[in-house]
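Chains A and B, in that order, are what the protein sequence lines are. Note that the numbering used here gives residue 215 to position 215 of the first sequence, counting from 1, and the numbers run on in steps of one. Note that the numbering used here gives residue 366 to position 89 of the second sequence, counting from 1, and the numbers run on in steps of one.
Simulated from the structure, these hints should not be mistaken for laboratory data. Positions of the beta carbon are idealized from the N, C-alpha and C atoms, including for glycine. Treat the hints with care, as some may be off.
Stated by the list, open to error - The calculated SDA-like cross-link candidates involving lysine to any residue, where the alpha carbons are at most 25 Å apart (straight line), are:
1) A/Lys2 with B/Thr282
2) B/Lys332 with B/Asp358
3) B/Lys332 with B/Glu289
4) B/Lys332 with A/Asp133
5) A/Lys2 with B/Asp345
6) B/Lys400 with B/Gln362
Said to hold, decoys possible - Computed footprint of chain B on chain A, listed as stretches where at least three residues anywhere in the stretch have a Cβ under 8 Å from a Cβ of chain B:
7) 94-105
8) 181-192
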Amino acid sequence: MKSAPFDYIRAKGVAEAIAALRQENKSVSLLAGGQSLLVLLGLRLTPVDLLVDIGRIEELKTVSESATHVFLGAATTHAMIEDGAVPDPSRGLMPRVASAIAYRAIRNHGTIGGSVALADPAADWPACLMALDAQVVGRGPAGERRQAVTDFVQGMYTTTLEQGEIILGFDIPRLPADARFGVAKVTRKSGAFASSMAFVVERGKGVPARVILGATASHAQPMPAVAAYLSQHIEIDEAEVRAAIGADLDAVDPDADAYQRRNHTATVLRAIREARA
Amino acid sequence: MLTVTLTINDDEQTHTIEPRTVLADLLRDQCGLTGTHLGCEHGACGACTLEVDGKATRSCVVLAAMCDGRSVRTIEGLRDDKIMQVLRRHFHQLHGVQCGFCTPGMLVMARDILRRHRKPSEKTIRHELSGQVCRCTGYANIVAAIGAAGVELDREASA
Numbered sequence: 001m002k003s004a005p006f007d008y009i010r011a012k013g014v015a016e017a018i019a020a021l022r023q024e025n026k027s028v029s030l031l032a033g034g035q036s037l038l039v040l041l042g043l044r045l046t047p048v049d050l051l052v053d054i055g056r057i058e059e060l061k062t063v064s065e066s067a068t069h070v071f072l073g074a075a076t077t078h079a080m081i082e083d084g085a086v087p088d089p090s091r092g093l094m095p096r097v098a099s100a101i102a103y104r105a106i107r108n109h110g111t112i113g114g115s116v117a118l119a120d121p122a123a124d125w126p127a128c129l130m131a132l133d134a135q136v137v138g139r140g141p142a143g144e145r146r147q148a149v150t151d152f153v154q155g156m157y158t159t160t161l162e163q164g165e166i167i168l169g170f171d172i173p174r175l176p177a178d179a180r181f182g183v184a185k186v187t188r189k190s191g192a193f194a195s196s197m198a199f200v201v202e203r204g205k206g207v208p209a210r211v212i213l214g215a216t217a218s219h220a221q222p223m224p225a226v227a228a229y230l231s232q233h234i235e236i237d238e239a240e241v242r243a244a245i246g247a248d249l250d251a252v253d254p255d256a257d258a259y260q261r262r263n264h265t266a267t268v269l270r271a272i273r274e275a276r277a
Numbered sequence: 278m279l280t281v282t283l284t285i286n287d288d289e290q291t292h293t294i295e296p297r298t299v300l301a302d303l304l305r306d307q308c309g310l311t312g313t314h315l316g317c318e319h320g321a322c323g324a325c326t327l328e329v330d331g332k333a334t335r336s337c338v339v340l341a342a343m344c345d346g347r348s349v350r351t352i353e354g355l356r357d358d359k360i361m362q363v364l365r366r367h368f369h370q371l372h373g374v375q376c377g378f379c380t381p382g383m384l385v386m387a388r389d390i391l392r393r394h395r396k397p398s399e400k401t402i403r404h405e406l407s408g409q410v411c412r413c414t415g416y417a418n419i420v421a422a423i424g425a426a427g428v429e430l431d432r433e434a435s436a
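Can you build the whole structure from these sequences, using the hints too?
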């Protein structure tokens, strides 16, 4: 498990990282915590000519909060979120998600920005940030832009990040005190990649429910039929919820076999039960 | 080639490395610190766990170049550590060792668990240790040894 040779530079700031990404005829990759990328390089699944280490860029560690939002810099590690070392906009949801990502030694280095930029189908943060209605803030040669995480992640390992763009962080709206949420994840063993994960977030009256399914064959996606059902029903009927889940699964994970459909159905039902408990 | 300076077990050292060199290979091949074991070499087994700036780290999935200027502590550097001394005794008494290959990583992670959880329950230990693979499957005694060390350290802290 030795990587093929590559060059390495450590960027002092975001501008330097953006400039390094724009080199012609070179495969350049940003290196944050490296907990996925260095594995992919070791297995020689990803060819790279140059790694740009962004792990010491102070701007990417920016954390700020307002009455309505918390901004977490892209370099925020899973362990910092788990430990409450950064403000939590989610009333305990994000620390709980963080604590179930891989293992502590991985969480000490893996970052929220790296997780979303890689967009592994089974990654926790894309699905969680979608459920929380978060926006990704990025910067590139053309300046800064913001986009809902739901639109940013487009497929397996596919985002709207353009060559030369870097994720600065995530703007996450705070959950109100009367919000209800549930999360469920199926893994073969603790810390393993999920076979299925579901998030349900209900912000209260008048705000449509958010239901996100992760660990599909492509990427985390909203389940609009289930969300609409929850938004319209205070008392829920499990047969009707199952029908809505089935309708959404046809669209969000069309190639799922019977076992995987049962996995997805179970995580969505568990998340709903927790939210409605 | 790159030149990096790291503090390894309190000793500042400068090494010349290839950019692709992972921390574990630097320690084992250039520093002679073979207490850090390499099992899977892709972040799955936990055998190579050590500390970088006080944080548990898998040294097979961190580049030596990323550790330039950082402080690294390996199993060799924890010989006189208080928590490690208690852990070693309980690993010995409760036979938390079979072939010994996973043991350095188990001990480093066990110490990390005991620093974050006071007197951890078996459930907590099993969850926190789930990233450390023992191919002898000797988990029962390892979990018991960490639990016993946690009880002893808690009793001392309360005394």
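Quiz prompt | 25 Å limit on alpha-carbon distance, applied to hinted pair B/Lys332 and B/Asp358 | solution = Distance of about 15 Å is within 25 Å: holds.
Quiz item: Between A/Lys2 and B/Thr282, does the CA-CA distance stay at or below 25 Å?
Solution: Holds. A/Lys2 to B/Thr282 sits at ~22 Å (cutoff 25 Å).
Practice problem: Between the segment 94-105 of chain A and chain B, see if three or more residues pass the 8 Å beta-carbon test, and mark the coverage as holds or violated. | Solution: Holds, because 4 residues of the segment 94-105 of chain A bring their Cβ atoms closer than 8 Å to Cβ atoms of chain B.
Quiz prompt | Proposed proximity, A/Asp133 with B/Lys332 (alpha carbon, max 25 Å) | solution = It is violated: about 32 Å lies between the C-alpha atoms, which goes past 25 Å.
Self-check item: chain B over the segment 181-192 of chain A, status - at least 3 residues with CB closer than 8 Å
Solution: holds (count 3)
Self-check item: Straight-line alpha-carbon gap B/Lys400 to B/Gln362, limit 25 Å
Solution: Holds, at roughly 23 Å.
Exercise. Mind checking the alpha carbons of A/Lys2 and B/Asp345 for me, to see if they're no more than 25 Å apart?
Key: holds (20 Å)
Exercise. Quickly compare the C-alpha distance for B/Lys332 and B/Glu289 to 25 Å and report which way the hint goes.
Key: holds (18 Å)
The structure is inconsistent with hint 4 alone, although it conforms to all the rest.
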